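Enquirer: Below are the chains, spelled out letter by letter.
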Amino acid sequence: MITDDQLSQLLKTALPAVEEDRPTLDLWPAVVRRGEARIEMSFADWSLAALVVIVLLMFPEWFWFLAYHL
Amino acid sequence: MPDGELLERFVQGDQTAFESLFRQFEADVYRWILRIVRERSAADDVLVEAFWRAYRGRARFDVSRSFGAWIRRIASNAALDHLRRARQHAGWRVADDRMPSAPAPDQAVKESIARAFRSLPPRLQIVAMLALVEEQPYAEIADALDLPVGTIKSRVFRATRLLRKELARLGVTP
Chain A
1 MITDDQLSQL LKTALPAVEE DRPTLDLWPA VVRRGEARIE MSFADWSLAA LVVIVLLMFP
61 EWFWFLAYHL
Chain B
1 MPDGELLERF VQGDQTAFES LFRQFEADVY RWILRIVRER SAADDVLVEA FWRAYRGRAR
61 FDVSRSFGAW IRRIASNAAL DHLRRARQHA GWRVADDRMP SAPAPDQAVK ESIARAFRSL
121 PPRLQIVAML ALVEEQPYAE IADALDLPVG TIKSRVFRAT RLLRKELARL GVTP
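Residue numbers (this note's numbering), protein chains in the order written: chain A, 1 to 70; chain B, 1 to 174.
One chain only, chain A, in its complex shape (with noise of 0.2 Å):
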């Protein structure tokens, strides 16, 4: 039977050690360039949402082919 102690010996001989550290790069603009990112896909996704919403709307009869289609 493994006791706590010797789990987690054996845990911490297994497993990657880390050094308490910071990052090597300076992070900062991924950061801004991750929340672009995001920007730009959530207004692509709500363009073709609206867009779908539109076109429903003034051809209603379109709804199988666009179902079809997207």
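If you're looking for bench data, these hints aren't it; they were derived computationally from the structure. There are no misleading hints in this set.
Straight line, CA to CA, 30 Å or less: simulated DSS-like cross-link-like pairs of lysine-lysine:
1) A:Lys12 x B:Lys165
2) B:Lys153 x A:Lys12
3) B:Lys153 x B:Lys165
A quick note: this is a predicted structure, and the numbers were derived from the prediction, not measured.
Fit chain B to the known structure of chain A by using the hints.
Expert: Same frame as chain A, but now just chain B:
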């Protein structure tokens, strides 16, 4: 400690205030993430994701509370998401990543232990990593994961039970 005015500006979406908070907390959050994910490149990605989630959810931040505790909670969730994805793909390397043609006995045991650990559900992996490997106090883990201390204790108990079972199955003894 960031001042109230800086936090107010952050909540209102001021990017300069956000950058200032990022610079202030980046190292602390990075070390926390690294303890969970154990890999530098993954820690970089999780850090970026955590700060981005914080900015996106800034309206929910209560400026009378600690920003450090809030961002650590977000980072813990982002790290947990990383563990879920990593489990679906490759997972961790073991401590010694030399690649001999046939694994040495020690290396084989380490691989078995790492495999047993990876087989845990991610929500158990994260508490086991923080409690058993990093020896963080239960209260601190509970705060970071936004869970009651009792839940952390029960998850550590379940993780150790599953690990013992899996290590016994793999024939690993101390």
